[in-house]
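Novice: Residue numbers (the working numbering): 1 to 410.
Among the hints, a few may not be true.
[Said to hold, decoys possible] Calculated pairs, DSSO-like style, for lysine-lysine (alpha carbon to alpha carbon, straight line, at most 27 Å):
1) Lys-185 to Lys-126
2) Lys-225 to Lys-156
3) Lys-144 to Lys-119
4) Lys-54 to Lys-225
5) Lys-156 to Lys-185
6) Lys-144 to Lys-156
7) Lys-119 to Lys-185
8) Lys-126 to Lys-54
9) Lys-126 to Lys-144
10) Lys-119 to Lys-156
11) Lys-156 to Lys-126
12) Lys-144 to Lys-320
13) Lys-185 to Lys-225
14) Lys-126 to Lys-225
If you are wondering where the hints come from, they were derived from the structure by calculation, not from laboratory data.
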Amino acid sequence: MLYAQDGKGMGHITRSLTIARHLLGAYPNLAARLVTESPLLDGLPLPNGCAYVKLPTHSASTGLAKTEEDDEAYNQHLSDERARILRDLALELAPDLVLVDHEPFGHRSEFRDGLYALKARYPNTKFILGLRDIMDDAGRIRAKWEALGVYSAFEKLYDGIAVYGLPHLFDVAEAYSIPPSVRSKLYYCGYVVQEREAVNTNEIRGLYGLPRNGRLIVATVGGGKDGYPVLEAAEAAVARLQSRLPDLCAVFVTGPFMPEEQRARLHAHSPPASRVLSTADNFQLVAAADAVVGMGGYNSVWEALSQGRPLVIVPRATYKREQTIRAEVLASHGLAKWVHPRDLTGEGLTEALEWALSLDPRAQAQRVREIVPSFDGATRLTAYLSRWLGSEGFPHPSPREEMTLTGRAA
Numbered sequence: 001m002l003y004a005q006d007g008k009g010m011g012h013i014t015r016s017l018t019i020a021r022h023l024l025g026a027y028p029n030l031a032a033r034l035v036t037e038s039p040l041l042d043g044l045p046l047p048n049g050c051a052y053v054k055l056p057t058h059s060a061s062t063g064l065a066k067t068e069e070d071d072e073a074y075n076q077h078l079s080d081e082r083a084r085i086l087r088d089l090a091l092e093l094a095p096d097l098v099l100v101d102h103e104p105f106g107h108r109s110e111f112r113d114g115l116y117a118l119k120a121r122y123p124n125t126k127f128i129l130g131l132r133d134i135m136d137d138a139g140r141i142r143a144k145w146e147a148l149g150v151y152s153a154f155e156k157l158y159d160g161i162a163v164y165g166l167p168h169l170f171d172v173a174e175a176y177s178i179p180p181s182v183r184s185k186l187y188y189c190g191y192v193v194q195e196r197e198a199v200n201t202n203e204i205r206g207l208y209g210l211p212r213n214g215r216l217i218v219a220t221v222g223g224g225k226d227g228y229p230v231l232e233a234a235e236a237a238v239a240r241l242q243s244r245l246p247d248l249c250a251v252f253v254t255g256p257f258m259p260e261e262q263r264a265r266l267h268a269h270s271p272p273a274s275r276v277l278s279t280a281d282n283f284q285l286v287a288a289a290d291a292v293v294g295m296g297g298y299n300s301v302w303e304a305l306s307q308g309r310p311l312v313i314v315p316r317a318t319y320k321r322e323q324t325i326r327a328e329v330l331a332s333h334g335l336a337k338w339v340h341p342r343d344l345t346g347e348g349l350t351e352a353l354e355w356a357l358s359l360d361p362r363a364q365a366q367r368v369r370e371i372v373p374s375f376d377g378a379t380r381l382t383a384y385l386s387r388w389l390g391s392e393g394f395p396h397p398s399p400r401e402e403m404t405l406t407g408r409a410a
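Please work from the sequences and hints to get the whole structure.
Specialist: In structure tokens form, the structure reads like this:
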């Protein structure tokens with residue numbers, strides 16, 4: 001059973017599907033159930049052996065609530081209903097293993113009761129938490145986990161904690177004060193990205209109606225719900241750069257959740273030799289790009305870097321600092337430039353894109369590989385889960401292999 005929260009974006013569900021494909025590829029007799037509120041699953045291909053259960057979505061409250069109090073009451077009612085569904089489903093499935101995505105107890109702690117009920121009724125079930133490389137501001141996470149009882153769950157509920165990252169870039173154990181008594185459960189499996197075949201750049205340009213020659217900038221904003229300011233600034237930056245680089249072209253991918261009026265404005269102001277698309281195969285486009293600009297979400301960043309592409313990050317401007325921290329870490333290692341959202345109206349994004357276009361592609365790709373030797377996190381996670389799923393799939397990496405990937409023994 002895989003639990004993946006994703007009501008507004010694409011990152012969690014994309015990562016969960018990547019993991020499911022690897023698990024089912026290694027264990028063809030495995031049955032997987034993916035539980036999520038993501039509205040995108042109907043349009044995404046599921047691997048053989050995987051079905052999904054759609055949770056009611058919180059976004060439904062928008063048209064129903066009359067006041068802030070009504071909205072909160074509705075959301076609480078919906079959370080209670082989702083908690084009941086998750087508890088009943090978990091007990092009905094009685095899975096051998098549960099992989100919980102990101103939040104130890106799920107969105108608004110909706111899976112807490114279900115996890116503990118499953119543990120009590122089926123003590124042989126194994127529970128694994130999958131953590132992103134970076135959660136949020138360290139102090140905020142520590143306080144939240146303390147208040148929710150997460151540290152106790154690490155001791156008594158979870159059998160393993162898989163971190164989708166590497167400790168020399170961000171040490172989750174230290175940042176979030178994971179107790180020494182449970183650090184033996186911690187496993188840094190590396191970055192989980194989709195594995196795709198190499199693309200032909202000319203074919204990709206032809207597919208999207210782009211000029212065959214000249215440098216290409218690809219700008220993406222994930223689901224796109226709050227990505228308009230980034231793409232608006234990217235269009236202005238490309239227009240400025242075209243005065244000095246007349247062969248420059250660009251693709252701006254709005255994502256499926258960007259409001260239509262914002263998408264229309266981007267179409268109206270699109271620079272010459274450029275395209276504005278609502279959806280696209282971002283992996284293909286990034287592979288064909290000379291530079292990439294986007295927000296600081298996990299999937300967007302690591303899929304671009306897995307292909308060695310020069311990267312400019314504009315982290316999401318919210319109280320959560322996850323994307324800003326990721327941008328700062330990558331910039332400190334020379335893997336990206338980042339622009340604060342409040343600086344989008346100036347020359348900062350133009351200058352950052354000039355930096356990206358000035359890099360030697362091979363040298364930048366080599367620098368990425370020196371810092372992140374591989375991007376096979378899904379394979380390594382599958383190997384890690386073989387501790388509980390058996391030896392049918394991949395063997396667990398040896399300590400020597402762990403030293404190669406993380407720079408220290410697990």
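Novice: Taking the hints in turn, state whether each one holds.
Specialist: Hint by hint, here is what the structure shows:
1. Lys-185 to Lys-126: holds, 12 Å
2. Lys-225 to Lys-156: violated, 38 Å
3. Lys-144 to Lys-119: holds, 23 Å
4. Lys-54 to Lys-225: holds, 21 Å
5. Lys-156 to Lys-185: holds, 12 Å
6. Lys-144 to Lys-156: Holds - the C-alpha atoms of Lys-156 and Lys-144 are around 18 Å apart, at most 27 Å.
7. Lys-119 to Lys-185: Holds, because 17 Å separates the two Cα atoms, which is no more than 27 Å.
8. Lys-126 to Lys-54: holds, 23 Å
9. Lys-126 to Lys-144: holds, 24 Å
10. Lys-119 to Lys-156: Holds: Lys-119 and Lys-156 sit about 10 Å apart, inside 27 Å.
11. Lys-156 to Lys-126: At roughly 12 Å apart (the allowed maximum being 27 Å), Lys-126 and Lys-156 satisfy the hint.
12. Lys-144 to Lys-320: Holds, because 13 Å separates the two Cα atoms, which is no more than 27 Å.
13. Lys-185 to Lys-225: Roughly 36 Å between the alpha carbons, so the hint for Lys-185 and Lys-225 is violated.
14. Lys-126 to Lys-225: violated, 36 Å
Violated hints, listed in ascending order, are 2, 13 and 14; each of the other numbered hints is respected by the structure.
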